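Undergrad: Sequence:
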Amino acid sequence: MITAVKAWVAERWPVVRLRTILLATMLFVAALPGFGAIFLRVYENALVRRTEAELLAQGSALAAGAGIMARGIPFQETPHTTQAAHPLQ
135 MITAVKAWVA ERWPVVRLRT ILLATMLFVA ALPGFGAIFL RVYENALVRR
185 TEAELLAQGS ALAAGAGIMA RGIPFQETPH TTQAAHPLQ
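Position in the sequence shown (from 1) plus 134 gives the number in my numbering.
Treat the hints with caution; some may be incorrect.
[To be verified] Each pair of labels, with its calculated beta carbon distance range: (1) Asn179 <-> Ala158: 24 to 34 Å; (2) Ile172 <-> Gly199: 54 to 64 Å; (3) Glu186 <-> Arg153: 42 to 52 Å; (4) Ala164 <-> Ala200: 48 to 58 Å.
Keep in mind the hints are simulated off the structure, nothing from the lab.
Since we're looking at a predicted model, the values are computed, not measured.
Here a beta-carbon is modelled for each residue, glycine too, at the ideal position from N, C-alpha and C.
Using the sequences plus the hints, can you model the full thing?
TA: Here it is in structure tokens:
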């Protein structure tokens, strides 16, 4: 079985010289920093977008809380809040 596969591969696969293998390896190694830089730029942009969205959400929550406190709306306790968490004290 293995000899049949080897014969089939030998018929269809060209002989590759050592210099061709070395050239391909060197080109691949030379291209790695470029691929890494592109990947890191895309990753950094994704992180910036996510951080920006989180900051906008936090700002909205703070603005809503400040608006409620500025209007003098009394604090309503829920099962998840305690007197220690009262914002007006």
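Undergrad: Quick check: which numbered hints come out false for this structure?
TA: 2
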